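Participant: What follows is the residue order along each chain.
Number of protein chains: 4
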Amino acid sequence: MSVAALPAESPRPRPRASRDAGRNQASILAAATQEFSRYGLGGARVDRIATRARTNKRMLYYYFGNKETLFLAVLEATYARIRAAEKELSLLDAAPVEGVRRLIEFTWNYYLAHPEFLTLLNSENLHRARHLKRSREVRAMNSPLIETLAEVLARGRRRGEFRSGVDALQLYISIAALSYFYLGNNHTLSAVFGRDLASAEARRERLAHMTEVILGYLRPARPASIDARRSARP
Amino acid sequence: MSVAALPAESPRPRPRASRDAGRNQASILAAATQEFSRYGLGGARVDRIATRARTNKRMLYYYFGNKETLFLAVLEATYARIRAAEKELSLLDAAPVEGVRRLIEFTWNYYLAHPEFLTLLNSENLHRARHLKRSREVRAMNSPLIETLAEVLARGRRRGEFRSGVDALQLYISIAALSYFYLGNNHTLSAVFGRDLASAEARRERLAHMTEVILGYLRPARPASIDARRSARP
Amino acid sequence: MSVAALPAESPRPRPRASRDAGRNQASILAAATQEFSRYGLGGARVDRIATRARTNKRMLYYYFGNKETLFLAVLEATYARIRAAEKELSLLDAAPVEGVRRLIEFTWNYYLAHPEFLTLLNSENLHRARHLKRSREVRAMNSPLIETLAEVLARGRRRGEFRSGVDALQLYISIAALSYFYLGNNHTLSAVFGRDLASAEARRERLAHMTEVILGYLRPARPASIDARRSARP
Amino acid sequence: MSVAALPAESPRPRPRASRDAGRNQASILAAATQEFSRYGLGGARVDRIATRARTNKRMLYYYFGNKETLFLAVLEATYARIRAAEKELSLLDAAPVEGVRRLIEFTWNYYLAHPEFLTLLNSENLHRARHLKRSREVRAMNSPLIETLAEVLARGRRRGEFRSGVDALQLYISIAALSYFYLGNNHTLSAVFGRDLASAEARRERLAHMTEVILGYLRPARPASIDARRSARP
DNA sequence: TATGAATGAGAATTCATTCAT
DNA sequence: TATGAATGAATTCTCATTCAT
Chain E
1 MSVAALPAES
11 PRPRPRASRD
21 AGRNQASILA
31 AATQEFSRYG
41 LGGARVDRIA
51 TRARTNKRML
61 YYYFGNKETL
71 FLAVLEATYA
81 RIRAAEKELS
91 LLDAAPVEGV
101 RRLIEFTWNY
111 YLAHPEFLTL
121 LNSENLHRAR
131 HLKRSREVRA
141 MNSPLIETLA
151 EVLARGRRRG
161 EFRSGVDALQ
171 LYISIAALSY
181 FYLGNNHTLS
191 AVFGRDLASA
201 EARRERLAHM
211 TEVILGYLRP
221 ARPASIDARR
231 SARP
Chain H
1 MSVAALPAES
11 PRPRPRASRD
21 AGRNQASILA
31 AATQEFSRYG
41 LGGARVDRIA
51 TRARTNKRML
61 YYYFGNKETL
71 FLAVLEATYA
81 RIRAAEKELS
91 LLDAAPVEGV
101 RRLIEFTWNY
111 YLAHPEFLTL
121 LNSENLHRAR
131 HLKRSREVRA
141 MNSPLIETLA
151 EVLARGRRRG
161 EFRSGVDALQ
171 LYISIAALSY
181 FYLGNNHTLS
191 AVFGRDLASA
201 EARRERLAHM
211 TEVILGYLRP
221 ARPASIDARR
231 SARP
Chain S
1 MSVAALPAES
11 PRPRPRASRD
21 AGRNQASILA
31 AATQEFSRYG
41 LGGARVDRIA
51 TRARTNKRML
61 YYYFGNKETL
71 FLAVLEATYA
81 RIRAAEKELS
91 LLDAAPVEGV
101 RRLIEFTWNY
111 YLAHPEFLTL
121 LNSENLHRAR
131 HLKRSREVRA
141 MNSPLIETLA
151 EVLARGRRRG
161 EFRSGVDALQ
171 LYISIAALSY
181 FYLGNNHTLS
191 AVFGRDLASA
201 EARRERLAHM
211 TEVILGYLRP
221 ARPASIDARR
231 SARP
Chain F
1 MSVAALPAES
11 PRPRPRASRD
21 AGRNQASILA
31 AATQEFSRYG
41 LGGARVDRIA
51 TRARTNKRML
61 YYYFGNKETL
71 FLAVLEATYA
81 RIRAAEKELS
91 LLDAAPVEGV
101 RRLIEFTWNY
111 YLAHPEFLTL
121 LNSENLHRAR
131 HLKRSREVRA
141 MNSPLIETLA
151 EVLARGRRRG
161 EFRSGVDALQ
171 LYISIAALSY
181 FYLGNNHTLS
191 AVFGRDLASA
201 EARRERLAHM
211 TEVILGYLRP
221 ARPASIDARR
231 SARP
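Protein chains in written order, with our numbering: chain E, 1 to 234; chain H, 1 to 234; chain S, 1 to 234; chain F, 1 to 234.
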């Protein structure tokens with residue numbers, strides 16, 4: 001389905017008129033990513049996408065069939081990018097605590113640098129993942145980080161630095177959650193709390209806080225003292 | 001179209017056309033809340049709202065001016081509801097640990113029972129809080145919980161149950177984040193991870209995890225050891 | 001039909017709720033005059049009229065039936081006003097040349113002070129006098145000036161100051177035309193010629209010019225020669 | 001809907017939908033001219049324009065953006081036509097008196113043949129030349145006649161046939177005014193005066209009157225000179 | 001491949017007018 | 001008289017999509 005895969009699969013010789021089909025597709029995709037992430041699926045305009053891609057609407061339909069399929073292609077490409085970035089992360093190179101910290105920072109920085117990821121996901125959730133569910137590709141693109149994180153947690157636990165019983169998926173979700181909510185809801189939070197949560201200072205504080213929360217949570221229980229968790233679960 | 005067709009809730013005989021302005025306004029608001037939360041601002045249809053409210057489009061403009069203002073009214077009412085619910089919470093009645101646990105559960109349960117809150121916020125963020133920024137009302141409706149939470153944290157710390165140096169707003173945001181992300185992105189997360197995160201079992205696990213994360217983080221450092229925060233921030 | 005006549009004809013006792021029916025009608029009429037003259041019949045808004053009249057739409061329908069009838073009432077009142085003003089003019093008190101000059105100045109000043117007269121007439125002409133044709137009242141309100149002007153012309157001719165063969169109606173129309181066109185098309189003329197025709201200076205010049213045109217035309221032919229017009233129109 | 005339904009003017013076989021952009025634009029413009037001139041800007045209906053142009057509403061927006069811009073396009077085309085017609089006039093070919101007479105007749109006949117010019121101007125004035133002010137085109141289309149008329153006046157004066165001190169622009173406006181008012185207000189004038197001012201007879205009289213007014217005004221004052229009117233009408 | 005032109009269905013919004021009290 | 005509420009029928013404008021070349 002994904003159009004991103006098309007170029008590689010079409011080795012057929014290009015006809016004379018073609019300037020650069022791949023480039024056109026890519027620029028449509030880039031324009032669509034911007035448009036969808038800024039306006040959502042419902043608010044996006046095919047016209048604007050074509051204009052921004054410096055092509056015409058017809059091309060858009062030629063390559064992508066229709067608006068929804070284009071939206072899916074955008075989602076797939078967006079997921080592909082974050083997965084690719086995650087692959088660059090080497091959490092196992094460092095000590096466990098450091099590995100977790102890296103993951104937190106990576107997540108934070110990625111969201112910060114790729115705000116379209118947040119809004120596209122929001123849009124797709126509004127549509128109950130209707131598009132993603134149709135996509136084999138994305139389902140196959142399971143994050144490689146879950147397993148790596150599980151390994152980090154295991155090591156840390158063996159070294160007595162982490163508590164036991166931590167589910168890697170839950171933790172992964174929590175780490176994502178802490179950044180996602182803050183950055184994705186930045187506008188409303190700022191409006192409601194009357195503070196500028198997007199300032200450099202505020203961001204530094206947020207990153208520090210999130211790190212403390214996760215690492216604080218992962219600390220093993222105090223050997224001799226009363227286990228906080230025991231009292232928490234009577 | 002006439003409200004006269006409505007069921008028995010209105011004992012007094014009703015004329016052909018309803019003259020109960022308040023009721024009409026309320027039902028438009030309710031219908032709009034549904035529509036906007038399901039389809040977003042761009043995807044919402046004024047026609048559907050009118051139909052669902054058992055009135056006609058014209059009344060919607062009569063009372064609310066236009067679609068955007070109606071959207072703002074929906075946002076304001078939605079905020080008013082969660083703030084009202086928060087007021088019912090008595091975090092200070094119980095021990096600090098219990099207070100925090102209550103807040104976590106309240107947040108989780110509220111989002112679960114009011115999924116429209118999540119999607120409406122997402123929509124508003126897509127629009128960069130354009131509507132909320134115009135609303136005095138909402139800005140005045142600062143959450144009462146921040147201060148209460150600060151008090152809970154202070155007490156807990158005095159009792160040696162919580163660590164020091166915790167910012168109440170950051171913690172409040174984090175607590176919200178953990179629920180928000182999971183519930184709001186339920187569809188995509190389920191699609192991507194190939195698990196049903198909406199099952200009762202999965203939800204129970206999630207609530208437990210979140211509670212552990214927050215309370216685990218709040219545990220004070222081991223009395224004799226170096227403060228965790230210092231080691232966290234070299 | 002004219003509502004302006006209503007108060008006088010309804011001596012019946014006013015019911016308790018009445019504040020001042022006449023005043024209400026008058027203020028609706030005044031508001032409608034403004035609205036119709038500014039936006040034309042098609043562009044006028046019943047809502048705005050009601051608001052401007054500080055009453056509600058229902059009253060407007062109560063008194064005037066509908067928008068078109070209201071428009072007619074406005075026309076009638078407008079005509080009544082100019083006819084009343086014309087009656088104040090005493091062209092026969094002065095010498096003929098002075099009388100004509102007075103008429104020119106009166107026309108000019110009236111149009112200047114009552115721009116609504118021009119635009120309302122334009123609107124009514126757009127509608128091919130559909131409303132006026134229905135109005136007995138207006139047809140009965142023939143300008144008293146035509147006959148007076150005829151008398152002025154006759155006197156002037158007898159005194160050798162005016163040429164003969166001048167049709168009073170044609171002259172009346174021409175005098176109106178010279179002011180009407182300039183003032184009524186002020187905006188487009190200014191735009192097209194790139195001059196401000198509405199300045200005090202420009203207006204003074206225009207009035208002088210118009211007076212010269214009319215009086216220049218009325219000059220008799222040279223005493224010694226045969227009057228060309230006499231031979232032209234036996 | 002399809003232009004294919006049109007008569008035989010198009011010899012070559014036509015596909016179902018017209019691809020002749022220019023023709024479509026022109027027919028929209030023609031239809032709009034009719035509609036706007038008959039109903040004014042406010043009263044004009046986009047739907048009717050599309051129907052009359054044998055196209056669909058969408059094309060109208062495709063080519064002209066919106067109703068107001070279309071209105072401006074109509075104005076511009078209308079001005080362009082009268083300016084073009086004015087260029088055909090050769091006032092300097094004849095004797096001065098004859099030149100002025102030609103201008104009067106041209107104006108009269110043009111307004112008679114193009115009543116839309118009058119109503120469109122009235123509409124634009126109702127809107128305070130809002131559209132024309134935005135139009136470079138029209139401002140650049142200053143009438144070529146003003147200067148020609150000035151030249152005619154100068155010549156006539158040199159020949160002792162015209163008075164001195166006549167401003168060409170003022171005279172041009174006056175000539176236009178005399179026709180414009182009579183023809184443009186034909187309906188109301190006829191209604192008010194109870195005469196049919198549109199009859200051939202009435203029109204002949206009007207033209208004669210206007211000519212007399214202007215030429216009568218232009219006569220030089222000097223008693224001892226050649227009778228301007230005799231030489232003017234051989 | 002590429003592109004301007006075309007379109008039907010539908011979207012938000014407006015309007016004059018009437019109802020019920 | 002007076003008024004807020006209600007309404008159906010338009011009205012302008014938009015949109016995704018397709019046609020013809």
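These are calculated hints, taken from the structure and not from any lab test. This structure is a prediction, so every number in the text was calculated from the model and none was measured. Keep in mind that the hints are not guaranteed to be accurate.
As the list claims (entries may be wrong) - Now the stretches of chain S that chain F is said to cover, found in silico as 3 or more residues with beta-carbon under 8 Å: (1) 90-102; (2) 112-122; (3) 204-211.
Note that CB positions come from ideal geometry on N, CA and C, so glycine has one too.
Participant: It remains to establish, for every hint, whether it holds in the given structure.
Facilitator: Each hint tested on the structure:
Only when three residues or more bring their CB closer than 8 Å to a CB of chain F does the claim for the stretch 90-102 of chain S stand; here the count is 0, and the claim is violated. With 3 residues carrying a beta carbon less than 8 Å from a beta carbon of chain F, the stretch 112-122 of chain S meets the three-residue requirement, and the given coverage holds. Coverage of the stretch 204-211 of chain S by chain F holds. Counting CB-CB distances below 8 Å, 4 residues qualify, and the rule asks for three or more.
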